[in-house]
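Let the hints inform the model, and build the full structure from the sequences given.
Residue numbers (the working numbering), protein chains in the order written: chain A, 1 to 232; chain B, 1 to 205.
Think of the hints as simulated: they come from the structure by calculation, not from any bench.
Just to be clear, a hint being listed does not mean it is correct.
[Unchecked claim] What follows is a set of in silico ranges between Cβ atoms, one per label pair, in the way DEER data are often shown:
{"hint": "1", "chain 1": "B", "residue 1": "Arg3", "chain 2": "A", "residue 2": "Cys101", "range": "23 to 31 angstroms"}
{"hint": "2", "chain 1": "B", "residue 1": "Gly100", "chain 2": "A", "residue 2": "Pro109", "range": "28 to 36 angstroms"}
{"hint": "3", "chain 1": "B", "residue 1": "Glu187", "chain 2": "A", "residue 2": "Ser16", "range": "24 to 32 angstroms"}
[To be verified] Going by beta-carbon spacing under 8 angstroms, a handful of chain A positions derived as facing chain B:
{"hint": "4", "residue": "Leu6"}
{"hint": "5", "residue": "Lys8"}
{"hint": "6", "residue": "Gly76"}
{"hint": "7", "residue": "Thr77"}
{"hint": "8", "residue": "Leu80"}
{"hint": "9", "residue": "Val84"}
[To be verified] Far from chain A by the CB rule (all over 10 angstroms, computed), these chain B residues:
{"hint": "10", "residue": "Leu33"}
{"hint": "11", "residue": "Arg44"}
{"hint": "12", "residue": "Thr55"}
{"hint": "13", "residue": "Ala57"}
We treat Cβ as the ideally placed atom computed from N, Cα and C, and that holds for glycine.
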Amino acid sequence: MIRAVLRKEMVALWASPLPYVVGAAFHAVLGVLVVNQLEVRQQAVVQPMFPLAGFLLLFVVPILAMRTFAEEIRTGTIDLLLAVPVPPGPLVVGKWLAVWCTTLVVLAPAGLVVVLAHLWGRPDDGPAITGFAGLALLAASLAAVGVLASALTASQPVAAMITVFGTLALWFAHVGSAVVSTGSALASVSLSERLRTFAGGAIDTADVAYFACVTAAALILAGLAVDLRRLR
Amino acid sequence: MLREVAFRVEPGEVVGLLGPNGAGKTTTIRLLLGLLRPSAGTARIAGRAGYLPETFAAYDSLSVTGYLRFCCRLRELPNAAIELALAAARAEDLARRPIGRLSRGQRQRVGLAQAFLGAPPALVLDEPTTGLDPEQIVDARAVLRESAADGAAVLVSTHLLAEAAAICDRVVVLVGGAVVAEERPGEAADLEARYLGLVGQAGLL
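Take a look at the structure:
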């Protein structure tokens with residue numbers, strides 16, 4: 001059932017202009033920012049790319065995820081799915097996998113930066129590998145939050161805004177952590193702080209667990225939101 | 001809001017759900033399908049139900065066959081069910097067409113096909129002939145009668161009294177969220193007179 005939902009979602013996503021437009025805009029902006037960083041540093045390194053790419057994903061993933069449930073709610077196709085009845089679990093996971101896989105495909109050309117860095121110098125490949133692993137985990141979490149937001153509303157723009165502002169809050173959670181009593185707790189839920197370790201070339205299991213927990217929590221809540229829609 | 005609603009649809013029977021706008025027809029159907037939870041009482045379908053909503057919507061990016069294949073996967077049916085369902089809905093000519101390019105009537109035929117997938121023991125159809133041309137309406141009515149003859153329990157919500165008279169074994173009249181009559185439809189003219197009488201008694205005319 002998950003495979004059927006995944007396949008249908010992938011067809012719907014890639015039949016729309018969204019991945020192409022969003023992907024082109026993502027790489028255009030990322031390219032400018034990364035080249036600027038390389039010029040400033042005068043070093044063939046890839047580490048500066050990951051925080052930039054991570055930040056841009058906060059805007060890319062919500063756009064890819066916004067239609068998953070919101071469109072089904074708006075058009076009424078969700079009723080046919082729930083009347084079958086399709087359990088919320090496979091429905092949510094199938095849609096999340098489609099958004100995550102699409103994000104990874106959109107992200108993939110960023111690997112060219114590593115190739116370019118190799119043409120210009122001898123960069124360390126370790127941070128490149130862990131950096132992309134971090135971005136993949138971040139994308140998984142953002143996709144899950146996007147699917148959750150989409151399950152809460154029939155409006156795609158509202159779903160996208162909920163995801164953008166929600167994940168921006170998590171991205172900058174560490175800002176001001178030094179001036180409030182709950183500062184360390186805020187820093188520990190910061191998406192950017194969690195990504196920083198990966199970009200530095202290390203994989204901390206606590207960071208992996210954090211992304212896994214955010215993803216799982218958002219997917220469970222999305223399942224509940226879909227189930228509640230059935231029982232209102 | 002519904003109150004005092006009680007009726008059964010037996011296998012082999014076509015029952016029409018009649019009533020003015022806001023009488024509770026769609027709410028009754030949504031309760032039956034588990035899309036709403038009743039605050040009291042029970043609504044139950046014995047076995048799987050094929051459902052056609054009042055406004056049928058599908059995924060424009062898929063072909064008709066692709067959409068029905070997706071429905072088969074969700075319902076754990078073999079792909080062979082697609083051809084049978086398309087034939088039952090007189091929609092074989094639409095098989096390769098993208099859903100996004102179908103007219104309203106053609107979409108409705110696809111909606112009927114998805115409801116017929118796997119020949120479910122119960123069919124719940126909300127305004128099934130909406131958007132169909134006269135020839136297709138005649139076909140759709142025949143298909144519903146055939147489904148009942150094959151043993152399906154068919155519940156049809158409709159505004160059209162002539163349609164109810166043509167295909168239903170029994171009609172349930174809902175007014176203001178309550179069943180005010182449950183009877184054989186008889187001739188269209190008789191049904192119209194009785195229906196208008198019931199609605200008029202309820203102060204809606």
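The hints, checked one at a time:
A hinted range of 23 to 31 angstroms for the beta carbons of Arg3/B and Cys101/A is inconsistent with their spacing of about 49 angstroms. Judged by the Cβ atoms, the range 28 to 36 angstroms given for Gly100/B and Pro109/A holds: they are separated by roughly 29 angstroms. Evaluation of the 24 to 32 angstroms hint for Glu187/B and Ser16/A yields a failure: the beta carbon distance comes to about 51 angstroms. For Leu6/A, the shortest C-beta to C-beta distance to chain B is roughly 11 angstroms, which exceeds 8 angstroms, and the interface hint is violated.
A cut of 8 angstroms between beta carbons decides the hint on Lys8/A: the least distance to chain B is about 5 angstroms, and the hint holds. Nearest Cβ of chain B to the Cβ of Gly76/A: about 5 angstroms, under the 8 angstroms cut. The hint holds. Contact between Thr77/A and chain B, as hinted, is supported at the beta carbon level, the nearest pair being about 5 angstroms apart and thus within 8 angstroms. A hinted interface residue such as Leu80/A counts as satisfied when its beta carbon comes closer than 8 angstroms to some beta carbon of chain B; here the least separation is about 7 angstroms, so the hint holds.
This hint holds: Val84/A has a C-beta 5 angstroms from the nearest C-beta of chain B, less than the 8 angstroms allowed. With a cut of 10 angstroms on Cβ distances, Leu33/B falls inside the contact zone with chain A, its closest approach being about 4 angstroms. Look at Arg44/B: its CB is around 13 angstroms from the nearest CB on chain A, clear of 10 angstroms, so calling it non-interface holds up. Against the 10 angstroms criterion, Thr55/B falls within the reach of chain A, whose nearest CB is about 6 angstroms from its own CB.
With a least beta-carbon separation of about 4 angstroms from chain A, Ala57/B fails to lie farther than 10 angstroms from that chain, contradicting its non-interface assignment.
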